[in-house]
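Now for the letters of each chain:
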Amino acid sequence: MVFSSLFFLFVFLPLVLALYYLVRRCRNLILFISSLIFYAWGEPVYILLMLFSAAVNYTLGLLISRDKERKKDARPALFFSIFINAGLLCFFKYSDFLLQILNSVLGTSLAGPGLPLPLGISFYTFQALSYIVDVYRGETPPQRNFIAFGTYLALFPQLIAGPIIRYQTVSKQLLQRMEGFDAFGEGVRRFVAGLGKKVLLANNIGLLWEQIRQVPPSELPVLTAWLGIIAFALQIYFDFSGYSDMAIGLGKMFGFTFPENFCHPYISRSMTEFWRRWHISLGTWFRQYVYIPLGGNRSGRLVLYRNLFAVWFLTGLWHGAAWNFVLWGLYNGLIIALEKTFLLKRLCRAPRFIGHAYAIFLILLGWVLFAFDNLTAGTHYLQAMFGLSGGGIFDNQSLYYWYTHAALILIALLASTPLGGTFKQRLLERSAPLYYTAAVLSCLLVLLLSTAYLVDAAYNPFLYFRF
Amino acid sequence: MHLFNRILTITMLAFLTVFSLLFVIMPDQDFSESENRMLQKMPLFSWDHLISGKFSLAAEKYVADQFPFRDSWVGIKCAAELLLQKKDNNGVYFGKEGYLLQKPEQADTDVLEENIAAINRFAETLPAQVYFLPAPSAAQILEDRLPRFAESRQQIELQQKINKQLAPYIQLIDTCKALAAHREEYIYYKTDHHWTSTGAYYAYREAGTALGYAALDLDDFTVEQVSDNFYGTLYSKSGHRFIQPDAIQLFMPKRELSCRVEYVHEKRTADSLYEREYLLKKDQYAVFLGGNHALVRIAAQNETGRKLLIIKDSYANSLVPFLANHYDEIHMIDLRHFNSAVRPYIEQHGFKQILLVYNTVSFAEDPSIRKIGVVSDHTVRQ
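Here the protein sequences come in this chain order: A and B.
In terms of the numbering used here, the first sequence opens at residue 1 and continues consecutively.
In terms of the numbering used here, the second sequence opens at residue 1001 and continues consecutively.
Everything labelled a hint here was simulated from the structure, so no lab data went into it.
A quick note: this is a predicted structure, and the numbers were derived from the prediction, not measured.
We treat Cβ as the ideally placed atom computed from N, Cα and C, and that holds for glycine.
Do not rely on the hints blindly, as some may be mistaken.
[To be verified] One-sided and incomplete, this derived list gives chain A residues near chain B with beta-carbon spacing under 7 Å:
| hint | residue |
| --- | --- |
| 1 | Ser5 |
| 2 | Phe10 |
| 3 | Phe12 |
| 4 | Pro14 |
| 5 | Leu89 |
| 6 | Phe184 |
| 7 | Leu449 |
[Said to hold, decoys possible] Which stretches of chain B does chain A cover? Using the computed rule of at least three CB atoms under 8 Å from a CB of chain A, they are:
| hint | region |
| --- | --- |
| 8 | 1014 to 1023 |
| 9 | 1062 to 1075 |
| 10 | 1086 to 1093 |
| 11 | 1141 to 1152 |
Could you put the whole structure together from the sequences, leaning on the hints where they help?
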């Protein structure tokens, strides 16, 4: 199930909310069971995988902490659980890709299992790993209540697309949390904002990208190619950050506070800054569980570069089981390494617009790598962007695309900056009642429009579904 | 702040609850008139369907299809799109002067080439003259009604491809010029992809030279307007809800034509070319010969001694009433529904003239055209 569907909004969510607030007891159990139903909705078989993962990690967490109490070596249990979690992820997500590599190296033709990817496996595996490592490091006591642990792992608001929540950030909330009108109202606002981002912006801009990506590169003029990749950049941002907003908002409705996941990434002035603003919870995870354990930047230049390579190789691979994602990760890593070495200092001294132009340019080129599974197709698209594919500068089609989407793109660009927040702040300072009225009305308007677009939706993909 | 959050909470919960209750209370609809399709009904639960994921898909579709006031929501979306200056939706252009026009898609050249090859082969050894009348789409003829900078290049390319690859022994009847000359008249419906009776008339007049009849003048007809509330396929497909309906006109020859129409597979006969009860239904274009049927035979008392076989799609339905003035017998075969071999049928009835009428777009997409080359009933059924 996805949040941006009528079934979720008008059937699942009202039922769960009613149950949660009317029963007022066994809240974790209610959340756990509804999360499992949410999870099982599209692919019921994988509910077993989820239960297996919960049971194994729950048991191993207890084992690790017992070993530590008895001053025994807890590393075997730690390694075993890392092996299990990473193994499941590899099997379900990467086995086809690994076999494909093996086949091309050895010239064999082994067929992969061709399994559909279990929803959110990349997200909940990382959550389980964070739990295990935190317990091993003694940063948090193990969770002895299975239902509470299961709720952490399967919690439906963030189950399929994050944010990736470290166990220690929610461990207290799992047993004690404060629901109420304030949190709920806050949650409603976040959720509706996210819904609007996804349904009104991402889906509609995505339609434009879908049309442009189908144009053969030899007929693709420069202006259309750039419009296409801008559309993709906006689609993936509003898709993903919209989903995170909905997750954070839903969390608030149930009394949870999840960490933020996006902070206006497209206003960055360097790649380093971009990654501090884009998918923050993933960056935090890799820093905590890969980069720092490997020695971070404290053991000299060479180790630093090795660590950067490892982190960005894995970041790329995490996004998908294909070479283009690996390449995209390394591309980001390379730029960040250059920035760490000398570029960042120069960028800081340069005028602001240079930083912005530099960052946006590199980010957009990166999205071309990201958008095409097929590297040849990606290369052709890049050629078209620079007028090397014979499609000319522009044609009627590009003019048509530009003027029929100008309003939408403009709204999306404005929405990706902090201007809206500043405006709200100003309004609040000038007149609180006016601000509150405007807020309620705009919430209602977005809800209304989103419902209209969902009722008449032919196109409602979810990009991060594949992760 | 507290009050504000309270209001927000209540607003949102009320919104969700009201519509989910309405959804439960309001009776399910079977059919959507404006979208012209069957709506998803409540899926029946079964473990098999649950495990395979079919149940959840059907349930989600059920909620979307039976959502309270579905048509109004579609209208709201359309208003928002228009406000944003969008000029197309779901493959339909919002053209000028209230025209909806089918957006030319990148045609599948394989299907097109196979279809041309199939009719070339079909005509090669046939002891009859084959004529091909490709009916152009509105986007091609009414190019000036397209939104600014929108292209209809694909359709022109389609047309050129057909002209070039068609074998010389098939006589091409090109109606583009004739139609374009009358582009200021009401030759295409604004909410439907078909040509109007006026459009079909100009095609009929153009075809006269090739087919060998002296076409009647416009003065030879009385025009009867039978509908002014026709919302066609493009209306359904586009979701555009702020558009004027079309009128349907029938051209009745002043020299009365008496004919008998036999719907062979339906085992039904009629004494009119028009099935007026369709004017009360959604698909009013079916007033022309009752829509598409596998095989229709029209016998008219013209005393010309001429017979014509038409292999066609729905564009022919409004063209045939004109042709009926010049033939004693016209048979219409729709290959999408006709499951026998065409060639034995031709030999059996001794046709000397065979006319293919296809819209260029559907000709480039319709895989059933390949069935035209089948020589015996046995191979069709396989």
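Given as covered by chain A, does the region 1062 to 1075 of chain B meet the bar of three residues or more with CB within less than 8 Å? holds (count 6)
Interface hint status, leucine 449 (chain A) versus chain B (Cβ within 7 Å): At 6 Å from the nearest chain B Cβ, leucine 449 (chain A) passes the 7 Å test, so the hint holds.
Within 8 Å of chain A's CB atoms, at least three CB atoms from the region 1141 to 1152 of chain B: coverage verdict: With 5 residues in contact (Cβ-Cβ under 8 Å with chain A), the coverage given for the region 1141 to 1152 of chain B holds.
Tell me if the interface restraint on proline 14 (chain A) is satisfied: Cβ within less than 7 Å of some Cβ in chain B. 5 Å, holds
Status of the phenylalanine 12 (chain A) interface restraint (C-beta, 7 Å, chain B): Not OK, violated: phenylalanine 12 (chain A) not within 7 Å of chain B, min 10 Å.
Holds or violated: is the Cβ of phenylalanine 184 (chain A) closer than 7 Å to a Cβ in chain B? Since chain B brings a Cβ to about 5 Å from phenylalanine 184 (chain A), closer than 7 Å, the hint holds.
With 7 Å as the cut and Cβ atoms as the points, is leucine 89 (chain A) at the interface with chain B? 22 Å, violated
Do at least three Cβ atoms from the region 1014 to 1023 of chain B come closer than 8 Å to Cβ atoms of chain A? With 6 residues in contact (Cβ-Cβ under 8 Å with chain A), the coverage given for the region 1014 to 1023 of chain B holds.
Using Cβ atoms only, decide whether serine 5 (chain A) comes closer than 7 Å to chain B, and label the hint accordingly. Given a least distance of 6 Å, the restraint on serine 5 (chain A) holds.
Measuring from the C-beta of phenylalanine 10 (chain A) to each C-beta in chain B, is the shortest one below 7 Å? 4 Å, holds
Quick check: do three or more residues in the region 1086 to 1093 of chain B have a beta carbon closer than 8 Å to a beta carbon of chain A? This one holds; 4 residues, not fewer than the three required, reach chain A with a Cβ under 8 Å.
Violation of the numbered hints given earlier is confined to hints 3 and 5; the remaining hints are satisfied by the structure.
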